[in-house]
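J.: As a plain string of letters, each chain reads:
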Amino acid sequence: MTVGAWDAFFLVVHRELCLSFRRPEQLFQPLVFFLIVTTLFPLGLSLQLSALRDIAPGVLWVAALLASLLSLDSLFKSDADDGTLEQLALSGQGLTLIVVAKTCSHWLVTGLALVVVSPIVGTALGIPTHAFATMMLSLALGTLTLSWLGAIGAGLTIGLRRGNVLLSLIVLPLATPLLIFGAAATDRAISGTSTAGAIYFLAALCVFTCTLAPWAATAALRITLE
Amino acid sequence: MLQGVSIEVHPRELLHVSGPNGTGKTTLLRVMSGLLRPEQGSVTWRGQSIVQQRTEYQAVLAYAAHEPALKGDLTALENLHFSVGLKRRTSAAELHAALERAGVAACAELPARVLSAGQRRRVSLARVLAMQASVWLLDEPYANLDAAGSELVSELLQAHVEQGGLALVVAHRDLALHCQVRRLELNS
Amino acid sequence: MWTWFYKLASPPYVYGVAAAFVPWLLGFAALAIGYGLIAGLGIAPADYQQGEAFRMIYVHVPGALLSLTVYTVMAVASGIALIWRIKVGHAVAAAAAPIGASFAILALITGSLWGKPMWGTYWAWDPRLTSELILLFLYVGVMSLRSAFEDPLRGDRAAALLAVVGVVNVPIVHFSVVWWNSLHQGATIVKLAAPSMPGSMLWPLLSMWLGFMLFFGAVLCMRLQAEVLNRERQASWVREAIK
Amino acid sequence: MTSDFWSMGGYARYVWPCYGIAGAVLAWNLWAAGRYLGAAKVRAARALAMASSEAR
Numbered sequence: 001m002t003v004g005a006w007d008a009f010f011l012v013v014h015r016e017l018c019l020s021f022r023r024p025e026q027l028f029q030p031l032v033f034f035l036i037v038t039t040l041f042p043l044g045l046s047l048q049l050s051a052l053r054d055i056a057p058g059v060l061w062v063a064a065l066l067a068s069l070l071s072l073d074s075l076f077k078s079d080a081d082d083g084t085l086e087q088l089a090l091s092g093q094g095l096t097l098i099v100v101a102k103t104c105s106h107w108l109v110t111g112l113a114l115v116v117v118s119p120i121v122g123t124a125l126g127i128p129t130h131a132f133a134t135m136m137l138s139l140a141l142g143t144l145t146l147s148w149l150g151a152i153g154a155g156l157t158i159g160l161r162r163g164n165v166l167l168s169l170i171v172l173p174l175a176t177p178l179l180i181f182g183a184a185a186t187d188r189a190i191s192g193t194s195t196a197g198a199i200y201f202l203a204a205l206c207v208f209t210c211t212l213a214p215w216a217a218t219a220a221l222r223i224t225l226e
Numbered sequence: 227m228l229q230g231v232s233i234e235v236h237p238r239e240l241l242h243v244s245g246p247n248g249t250g251k252t253t254l255l256r257v258m259s260g261l262l263r264p265e266q267g268s269v270t271w272r273g274q275s276i277v278q279q280r281t282e283y284q285a286v287l288a289y290a291a292h293e294p295a296l297k298g299d300l301t302a303l304e305n306l307h308f309s310v311g312l313k314r315r316t317s318a319a320e321l322h323a324a325l326e327r328a329g330v331a332a333c334a335e336l337p338a339r340v341l342s343a344g345q346r347r348r349v350s351l352a353r354v355l356a357m358q359a360s361v362w363l364l365d366e367p368y369a370n371l372d373a374a375g376s377e378l379v380s381e382l383l384q385a386h387v388e389q390g391g392l393a394l395v396v397a398h399r400d401l402a403l404h405c406q407v408r409r410l411e412l413n414s
Numbered sequence: 415m416w417t418w419f420y421k422l423a424s425p426p427y428v429y430g431v432a433a434a435f436v437p438w439l440l441g442f443a444a445l446a447i448g449y450g451l452i453a454g455l456g457i458a459p460a461d462y463q464q465g466e467a468f469r470m471i472y473v474h475v476p477g478a479l480l481s482l483t484v485y486t487v488m489a490v491a492s493g494i495a496l497i498w499r500i501k502v503g504h505a506v507a508a509a510a511a512p513i514g515a516s517f518a519i520l521a522l523i524t525g526s527l528w529g530k531p532m533w534g535t536y537w538a539w540d541p542r543l544t545s546e547l548i549l550l551f552l553y554v555g556v557m558s559l560r561s562a563f564e565d566p567l568r569g570d571r572a573a574a575l576l577a578v579v580g581v582v583n584v585p586i587v588h589f590s591v592v593w594w595n596s597l598h599q600g601a602t603i604v605k606l607a608a609p610s611m612p613g614s615m616l617w618p619l620l621s622m623w624l625g626f627m628l629f630f631g632a633v634l635c636m637r638l639q640a641e642v643l644n645r646e647r648q649a650s651w652v653r654e655a656i657k
Numbered sequence: 658m659t660s661d662f663w664s665m666g667g668y669a670r671y672v673w674p675c676y677g678i679a680g681a682v683l684a685w686n687l688w689a690a691g692r693y694l695g696a697a698k699v700r701a702a703r704a705l706a707m708a709s710s711e712a713r
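Protein chains in written order, with my numbering: chain A, 1 to 226; chain G, 227 to 414; chain S, 415 to 657; chain B, 658 to 713.
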């Protein structure tokens, strides 16, 4: 009669997706934020599209990281506030599984969504279409890694009143390698040189983070729940 | 907080924890559930520490905190589905039956945010029922309930204990039950 | 077998040892830094490339090395505190953080002062300086997280976990910054501590480094006493200790 | 000789501030740690005094 790990995983993912789609405005906020920030750069710099292309990878990546971070704050917080996190923690499924399922769902509704709208932003910033594939692949890897780093930070800042600012403060320095490799991959794709090195590094970071971060995020949750 | 408390609860027994505010009643329940790790001492179940058998212990445990722990955006039935479903395989009919028993079958398809405080309490009781657990840890189950609701809680507790379960109940009021009730009075 | 470990980690013992060590560490630190200053500023010959400007190495490099060492000390103490639930570990980590942050600031300021005559600008996004800056952000994160919690116990453990996560990240950050730099600027502009340094230049540097280490030890012991006291205010041994 | 030493081969305006900052950071560390320890001792003493007055 007990529930297997996969069933439990999909049940939690289903729950998270249900909750996200009941509040569509929260679903769109990070995307709109992403679009607004990338619109502000060309306006603030008033450059030609050709000159914009040089800074496009950096702008795109910084905006994507910030947008993805924006919604991380509520990853565990809303569940902690209404007490459902305690129910999840006592569900007999192990906290790590819950953490993995919640973080994957977070990536599905923010990271993957950012990847999907990135061609629009890319076009606005003058990124040529032949670079889109690399740009989207690097964004997918980068946002997944960031979701995991953010899960650790979100676990650590659950009970705090000004948690959102603190979350950015502790997660962004950890995310610098993502920005470096991600922007470099996009940059090289635009100029048409080999992107393999940067993509491999991003993939390695992603695998490394996905193996270690679940334990760290679980430990973080236990610290703040206890 | 909470020093020198030693309790033992057996099947077919109910422990009624009472005492003034701030004496650690909720803390005691959280320690018993394994949410809080005691600084000293331990919690054992069937002679083994619950830390070593977290999964097994949680499988037979139903914990209802002071707040009803419902997602406002999900319906009562979905709330039950997503939390009970992690513990055991259930069917919608079973969950419906639990809601029915708690007297909130009419609210099954309503989002939890539109329910009254008393209805939410009943939904959280339905969740405890649907978990079919042998260990109940209930924090103020009588809160926000009317006379009929209180009557229902007493009935449920009584039936649970008679079927061989055990329960720890934090409550301010006296429990008018016809089963074995031990009292633990906490004071500072 | 582990009893000595726990005795070593018991607060009154740590408090006593820390108090006893401070004057010795400070004394030896003064000697080492004093020798380093005289030899570094007076005796060591000027560098054939950088002239007298290279003398900034004697405070920049020890500061930068210490900022890394202190972070490692903090992370190891945090790890010990998390795994074996030894509270003194949190006290060590809490004591180390502000010292390490101050060394990171020192390394950044002296680095940019050095950069001006060498690169013609105070800030050049040199990989070492950039990773030093990120290290400073990591320190700030750990310190703010600790102080954000009202419950000091929880704050200690949250900061400890972040310190451990951070120490895994430090080499990755450094590596990626170096990679990024090689992409933009080719070879590094200036080699800082060349291994082929003659002895008359190297000895003062080692002496300064040793002096900084001893100084860190002394300040750590002072702060550690305070952190232990803050965590054990009610304990009976405190009465004896603060007489 | 001494003016040579102080001029640091024309780099005086970088070398001396550099050492000045280093001295300031070391001094701040000592001062802040001493103050912090002093404050902790005062607080501990106050807590002890309160505890003993309650006991009476």
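Treat the hints as calculated values from the structure; they're not laboratory data. There could be a bad hint or two in this list.
With a cut-off of at most 30 Å between alpha-carbon atoms, the simulated DSSO-like pairs for lysine-lysine come out as follows [said to hold, decoys possible]:
id, chain 1, residue 1, chain 2, residue 2
1, S, 501, B, 698
2, S, 421, A, 77
3, B, 698, S, 530
4, S, 530, S, 421
Computed footprint of chain G on chain A; a stretch qualifies when at least three of its residues, placed anywhere within it, have a C-beta under 8 Å from a C-beta of chain G [said to hold, decoys possible]:
id, segment
5, 18–28
6, 76–87
7, 90–99
If we take Cβ atoms under 7 Å as the criterion, some of the chain S residues that face chain B in the derived model are [said to hold, decoys possible]:
id, residue
8, 473
9, 523
10, 530
11, 644
Ideal Cβ positions, reconstructed from N, Cα and C, are used throughout, including at glycine.
J.: Just to make sure I understand the rule, a stretch counts as covered if three or more of its residues have a C-beta closer than 8 Å to a C-beta of the chain. Does the segment 90–99 of chain A meet that for chain G?
T.: holds (count 5)
J.: Mind checking the CB of residue 523 of chain S against every CB in chain B and telling me if the closest is under 7 Å?
T.: holds (5 Å)
J.: Can residue 473 of chain S be said to touch chain B, with a Cβ gap under 7 Å?
T.: Holds, about 4 Å.
J.: Please verify whether residue 530 of chain S and residue 421 of chain S have alpha carbons no more than 30 Å apart.
T.: Between residue 530 of chain S and residue 421 of chain S the Cα gap is close to 51 Å, so the pair fails against 30 Å, i.e. violated.
J.: For the segment 76–87 of chain A, do at least 3 residues have a Cβ located nearer than 8 Å to some Cβ of chain G?
T.: holds (count 5)
J.: Given the hint that residue 501 of chain S pairs with residue 698 of chain B, does the C-alpha gap stay at or below 30 Å?
T.: holds (19 Å)
J.: Are the Cα atoms of residue 698 of chain B and residue 530 of chain S separated by 30 Å or less?
T.: Given that 30 Å is the threshold and the Cα spacing comes to 44 Å, the pair is violated.
J.: Is the shortest C-beta separation between residue 530 of chain S and chain B less than 7 Å?
T.: At about 6 Å, which falls below the 7 Å cut-off, the nearest Cβ of chain B leaves the hint on residue 530 of chain S intact, so it holds.
J.: Please verify the coverage claim for the segment 18–28 of chain A: does it have three or more residues whose C-beta sits within 8 Å of some C-beta in chain G?
T.: holds (count 4)
J.: Are the Cα positions of residue 421 of chain S and residue 77 of chain A separated by 30 Å at most?
T.: Violated, at about 39 Å.
J.: Does residue 644 of chain S meet its interface restraint, that is, does its C-beta lie within less than 7 Å of any C-beta in chain B?
T.: holds (5 Å)
Comparing the model with each earlier hint shows violations of hints 2, 3, 4; every other hint is respected.
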